[in-house]
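Using the hints provided, position chain B with the ligand relative to the given structure of chain A.
Protein chains in written order, with our numbering: chain A, 1 to 196; chain B, 197 to 678.
These are computed hints drawn from the structure, not numbers from a lab.
One thing to keep in mind: the hints can contain errors.
Below 30 Å or equal to it, Euclidean Cα-Cα: the simulated DSBU-like pairs (lysine-lysine) are [stated by the list, open to error]:
| # | chain 1 | residue 1 | chain 2 | residue 2 |
| --- | --- | --- | --- | --- |
| 1 | B | Lys629 | A | Lys31 |
| 2 | B | Lys293 | A | Lys40 |
| 3 | A | Lys2 | B | Lys228 |
| 4 | B | Lys580 | B | Lys605 |
| 5 | B | Lys580 | B | Lys596 |
| 6 | A | Lys63 | A | Lys40 |
| 7 | B | Lys228 | A | Lys140 |
| 8 | B | Lys629 | B | Lys580 |
| 9 | B | Lys575 | B | Lys629 |
| 10 | B | Lys596 | B | Lys293 |
| 11 | B | Lys596 | B | Lys292 |
| 12 | B | Lys292 | A | Lys40 |
| 13 | A | Lys31 | B | Lys293 |
| 14 | A | Lys40 | B | Lys629 |
| 15 | B | Lys292 | A | Lys31 |
| 16 | A | Lys31 | A | Lys2 |
| 17 | A | Lys31 | B | Lys596 |
| 18 | B | Lys220 | A | Lys178 |
| 19 | A | Lys178 | B | Lys228 |
These figures come from a predicted structure and were not determined experimentally.
Here is how the chains run, residue by residue.
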Amino acid sequence: MKPVRIVEGRAVPLDRSDVDTDQIIPSDWLKQVERTGFEKGLFGEWRDEPSFVLNREEHAGAKILLAGPNFGTGSSREHAVWAIMQYGFEAVISPRFGPIFANNSTKNGLVCAQLEAAVCDQIMAAVQADPTLEIVIDVKRLTVEVPAIDVNVSFPLGASIQHRFLEGLDDIGLTMQKGDDITAFESARPTYMPAS
Amino acid sequence: MSATSSSPTHSSPTPSALRTLSQKVWDSHVVKAEDDGSALLYIDLHLVHEVTSPQAFEGLRLTGRTVRRPDLTVATEDHNVPTEGQSQPIADPVSKKQIETLRVNTEEFGIVNYPMGHINQGIVHVIGPELGLTQPGMTVVCGDSHTSTHGAFGALSFGIGTSEVEHVLATQTLPQQPQETMAVTINGTLPDGSSAKDVVLAVLARTGTSGGIGAIAEYRGSVIEALSMEGRMTVCNMSIEWGAKAGLIAPDQVTFDYLKGRPKAPAGAEWDAAVDAWKQLRTDEGAIFDREIVLDGADCVPHITWGTNPGQVAPIASTVPNPADMADAGDRDAATRALDYMGLTAGMSMRDIDIDTVFIGSCTNSRIEDLRAAAAVAKGRKVKDGMRTLVVPGSGLVQKQAVEEGLDKIFTEAGFDWREPGCSMCLAMNPDKLSPGERSASTSNRNFEGRQGRGGRTHLVSPAVAAATAIAGHVATPEDLT
Ligand code: SF4
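Just chain A, same shape as in the assembly:
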């Protein structure tokens, strides 16, 4: 993945709770065997409505998705992360993420900034009032800043994941460097364990 240090830009306010991955990318799209082209399916069932927030002109080109609580719950489909990123988002802010979605995001370089619900509400209201509001997410300092409304808060990210984001490291490559440890572990596995 590419290094991710700062995400800076405007946001789309998706003011709904429990947006599961079936909503993010409907199952019709899961039949693809390629890794690209999913932006067209993003929020598939809602996109037909002209008034849906993603369709509004004032939010065109936004880099940050501002979501409600329990964003990305449900199915493990990584296609949800691909759809969000291929559409042009680089970060999602929410009070609470589905864990598999959050984990999938770390493999692709999508920043999931989990903030207190009250702060999320504050940012949501401010972006709804002023779509031009600028938000800065700093992966090095692990902060979300919205200078116009005096918000400057931090978000959690495991140290090893942060390191991979900042350096743009490939997870698999890192693990393959530990090949000797894996071989040693394998030689000690109980013999009763099943094989295909």
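Chain B with the ligand alone, transformed into the frame defined by chain A:
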């Protein structure tokens, strides 16, 4: 992220510390521990299906990597397969391509694949246990969130994304962040007419969709101990629905009896060694969970979902809730939107909800016991005129056993549509779909908007309730039938 923000508990500081079941499984799979509490875990079993694997195999090809342990990897075709005419080629060209891609990939990388029509084919979470591939104390992963099902055996099992599928294929390991532990204790006994599905729906009624986020749960207590392996799988299956990453149950005699003699279970001296090791897989007396909830078995009455997430659930004997009565503004908004989508009125009796499609199947409820429970209700009765029904066994082996027991005949004589194995209407990637506005009673695990077909409306229930509903034409329990 949400999973990493809490205090790590999985890396036990000293070997003598008291540990929970999941900590024991974690500790025995650490290939390398990191300073931040994360660890590289070894994966004992990697299950693969056609939907979440093509991009992972493509990744291997692009980087020139191979599959480290094809012998610990098993594939099957489940999500896309039609449930009739499986001996014929798949009509939908896109589904067909995905299935063919899996066949090419498994062939190229030397992985066993159970294709459509093979006796071992089926929903990935049904075939692992029934072949004896899923055993206590293992780590099991699959590119599918309902991998939590395998936790019923005391295995640490969880769903992963496609990047992680590629990671496991290449290295047979996964870097993991530590998780909180959570106990779900269900005491007492189940009321008559309730099943494992009602247990987990009652948990959802308590926790909502987020009560378990960031946690690895352990289900325990007398209600859980009294469940069969099939029932335990139903409970663990829906762990993800209330936010838990995984759900485990300590293995016991019920587990050992289920496994004994299965094709991939150990035999002879190996069996004895395995059982000795499996008996250690219990939470130590006095070990501390980060969180705990306690339920009474008496609360696990038959439940049904009324909304568009599995946490929007209530007893069948109750009424559709009124959003105005909800204290939390977020819940209120979500409930209002859900009732609108579902076309329901607050205050109406659950039993007054008319249903036009009944689906009995999915990795939650497509095992032999589920089919027996539904058949017991169907026997000697007739499906309501105009009702569409699908009874979809979870695997070729379940299908075979059901036929041997004559369940298929009971279903067809009652007017149910008896199908061939697959995920089917659980997620509508094959031709089994709801049309806009159609309403199902479904034994699956997700009632999200559009989950069973665009505009479709889903009510999650147990197999017995689904069967009774097919006969009554509206939401019903077996006791309602004359
Ligand atoms: S039955 Fe449904 S939930 Fe289970 S694996 Fe298939 S699609 Fe997923």
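| Hint consistency between A:Lys178 and B:Lys228 [alpha-carbon to alpha-carbon, up to 30 Å] | The given pair, whose Cα atoms are some 8 Å apart, holds under the 30 Å limit.
| If you draw a straight line from the CA of B:Lys220 to the CA of A:Lys178, is it 30 Å or shorter? | holds, 23 Å
| query | Quick one, are B:Lys292 and A:Lys31 close enough, alpha carbons at most 30 Å? | reply | holds, 9 Å
| Holds or violated: A:Lys40 to B:Lys629, with C-alpha atoms at most 30 Å apart | holds, 22 Å
| message | Please verify whether B:Lys596 and B:Lys293 have alpha carbons no more than 30 Å apart. | response | This hinted pair holds, its Cα atoms lying about 28 Å apart.
| message | For a C-alpha distance cap of 30 Å, please report whether B:Lys629 and A:Lys31 respect it. | response | OK: B:Lys629 and A:Lys31 at ~15 Å, within 30 Å.
| said: Given the hinted pair A:Lys31 and A:Lys2, is their Cα-Cα distance within 30 Å? | reply: holds, 27 Å
| Taking only the CA atoms, is the gap from B:Lys228 to A:Lys140 under or equal to 30 Å? | holds, 26 Å
| message | Holds or violated: B:Lys292 and A:Lys40, Cα atoms, limit 30 Å. | response | holds, 22 Å
| Given the proposed pairing of A:Lys31 with B:Lys596, does the C-alpha separation stay at or below 30 Å? | Given pair A:Lys31, B:Lys596 holds - Cα atoms ~29 Å apart, limit 30 Å.
| If you draw a straight line from the CA of B:Lys629 to the CA of B:Lys580, is it 30 Å or shorter? | holds, 20 Å
| field | Restraint status (C-alpha distance of A:Lys2 to B:Lys228 at most 30 Å) | value | The hint holds at about 26 Å.
This entry satisfies every hint, going by the numbered hints stated previously.
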